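Protein chains: 2
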Amino acid sequence: MKLYSYFRSSASYRVRIALNLKGLSADVTQVHLTRHGGEQHTPEYRAINPDGLVPVLVDDGQAITQSLAIIEYLDETHPAPALLPRDARERAYVRSIALAIACDIHPLDNLRVLRYLKRELQVGEQARNAWYRHWCEQGLAALEQSVVRAGRAGQFCLGDSPTLADCCLVPQIHNALNMQSDLTAMPALMRINANCLALPAFANAAPELQPGAE
Amino acid sequence: MKLYSYFRSSASYRVRIALNLKGLSADVTQVHLTRHGGEQHTPEYRAINPDGLVPVLVDDGQAITQSLAIIEYLDETHPAPALLPRDARERAYVRSIALAIACDIHPLDNLRVLRYLKRELQVGEQARNAWYRHWCEQGLAALEQSVVRAGRAGQFCLGDSPTLADCCLVPQIHNALNMQSDLTAMPALMRINANCLALPAFANAAPELQPGAE
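Protein sequences appear in the order of chains A and B. If you're matching positions, the first sequence starts at 1 in the numbering used here and goes up one per residue. If you're matching positions, the second sequence starts at 1 in the numbering used here and goes up one per residue.
For the record, the hints were derived by calculation from the structure and aren't laboratory data. Model, not experiment: these values are computed from the prediction. Each hint should be verified, as a subset may be incorrect.
What follows is a set of in silico ranges between Cβ atoms, one per label pair, in the way DEER data are often shown [what the hints assert, rightly or not]:
no.: 1; chain 1: B; residue 1: S161; chain 2: A; residue 2: A80; range: 25 to 33 Å
no.: 2; chain 1: B; residue 1: R86; chain 2: A; residue 2: Q126; range: 44 to 52 Å
no.: 3; chain 1: A; residue 1: D87; chain 2: B; residue 2: K2; range: 16 to 24 Å
no.: 4; chain 1: B; residue 1: K2; chain 2: A; residue 2: H41; range: 43 to 51 Å
no.: 5; chain 1: B; residue 1: H36; chain 2: A; residue 2: N204; range: 45 to 53 Å
no.: 6; chain 1: B; residue 1: G212; chain 2: A; residue 2: L24; range: 46 to 54 Å
no.: 7; chain 1: B; residue 1: E76; chain 2: A; residue 2: R133; range: 34 to 42 Å
no.: 8; chain 1: A; residue 1: K118; chain 2: B; residue 2: R115; range: 15 to 23 Å
Only some residues are given here: those of chain A computed to face chain B with a beta carbon under 10 Å [unchecked claim]:
no.: 9; residue: P50
no.: 10; residue: G52
no.: 11; residue: L57
no.: 12; residue: I64
no.: 13; residue: S67
no.: 14; residue: E76
no.: 15; residue: I105
no.: 16; residue: E120
no.: 17; residue: A130
no.: 18; residue: G139
Quick reminder that beta carbons are idealized off the backbone N, C-alpha and C, glycines included.
Turn these sequences into a full structure, and let the hints steer you where they fit.
Here it is in structure tokens:
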């Protein structure tokens, strides 16, 4: 397997955690999103992924885009340990958490969006940082309530084994903390985050530990 | 089953298509996102979904948020006709398309984001419309290339049966057309969209046909 990745990419971080949890390794090609005008814009990379985003997993000749599609694929092709539970209701709960992060928090704070705010809309740095924190804080506060009300969390979002939900939660909290977001309203998520980071699979996937990290 | 929905919501539209394809019906409660200051902000609705978004499916006492989690749940609990193929590689392809729309196009053009641009960043209407079209056009153009290169499309995104990918594609193209986006660069997607809309399951899910549509 080959993984096109960027150390700072939150979506790549999710996939690194999933690979680690499953004890899988992939040959990693770094796609540096800011160097040389952005390596994701080269014709070579666009031939692999036309939308110029990371990560991409290449397995068995097929390029798979979108981190959640990659993790579901890994879970189906390498079932143990499972990152999705068996019960349909529990699967829906886990996917809801992952998607709340992947659809409603993370995309708004993506590099290309922040660049559009800066270049096309002339939004200054302070207002861009406020935008970033707004979506992190509002999204994670709502997620805290969802997780607490569901009553399904143990050490992790679902019971005592890490799932797809945790693979998404930890990178999002990493981003939120990097931007000095106020996370005091989400003690349950912060507790789960700490439990995750105590596991080598999560700790070793951290952006600052990846080759090429600055 | 009970569905909290809004006729104009693209994510609700995806779920309506999936329900129709499976021949399922749900009791629909309209959550009007702009009337009375937004019914999604009421304490009653926040008790169902803390992030105040639609749709929510309530089945067997569990509230399921996130349209893709809802559709996967419906597919697992009502397997025929299948909205995801059996093969892991094909499933990854279908999910990649759905997620490219649900993560990288749609959230940027969501009502609350357009409101933030207007109210917090004082972005005028013309610039907001350009923002909206930018993410539609760039995202759908990349998706066109991905679908064409994959060579898996037939009448629909994967072969000749509708899948989760088509449930996401049609509402996104509906939004893009509403905002006068330029879709000339995506003939394959437009052909699939037309094939979908020829089916009653898709046609009957259109926003303008829903109760309460304005």
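Hint-by-hint comparison with the structure:
Restraint check, S161(B) to A80(A): a C-beta distance of roughly 31 Å satisfies the suggested window 25 to 33 Å. Checked against the given bound of 44 to 52 Å, the beta carbons of R86(B) and Q126(A), roughly 51 Å apart, stay inside it. For D87(A) and K2(B), the hinted distance range of 16 to 24 Å is satisfied, since their beta carbons lie about 20 Å from each other. At roughly 46 Å, the beta-carbon separation of K2(B) and H41(A) lies within the given 43 to 51 Å, and the hint holds.
Between H36(B) and N204(A) the CB atoms are about 50 Å apart, so this pair conforms to the stated range of 45 to 53 Å. Between G212(B) and L24(A) the C-beta distance comes to about 48 Å, which sits within the given range of 46 to 54 Å. Checked against the hint of 34 to 42 Å, the pair E76(B) and R133(A) passes, with Cβ atoms roughly 36 Å apart. Hint check: K118(A) to R115(B), Cβ distance near 20 Å, so the stated range 15 to 23 Å holds.
For the restraint placing P50(A) at the interface with chain B, the shortest Cβ-Cβ distance is roughly 4 Å, inside the 10 Å limit, so the hint holds. Below 10 Å, beta-carbon pairs count as interface contacts, and G52(A) has one with chain B at about 7 Å; its hint therefore holds. With its C-beta approaching chain B no nearer than about 9 Å, L57(A) sits inside the 10 Å limit, and its interface hint holds. A cut of 10 Å between beta carbons decides the hint on I64(A): the least distance to chain B is about 5 Å, and the hint holds.
The interface hint given for S67(A) holds, since its Cβ lies 8 Å from the closest Cβ of chain B, which is under the 10 Å cut-off. The interface hint given for E76(A) is met, as the beta carbon of that residue sits about 4 Å from the closest beta carbon of chain B, less than 10 Å. With its C-beta approaching chain B no nearer than about 9 Å, I105(A) sits inside the 10 Å limit, and its interface hint holds. Annotation: E120(A) was flagged as interfacial toward chain B, and the flag holds, the nearest CB pair being 8 Å apart, inside 10 Å.
Residue-level restraint check for A130(A) holds (minimum Cβ-Cβ distance to chain B is 8 Å; threshold 10 Å). At its closest, the beta carbon of G139(A) sits 7 Å from a beta carbon of chain B; the interface hint therefore holds under the 10 Å criterion.
Taken one by one, the earlier hints all hold for this structure without exception.
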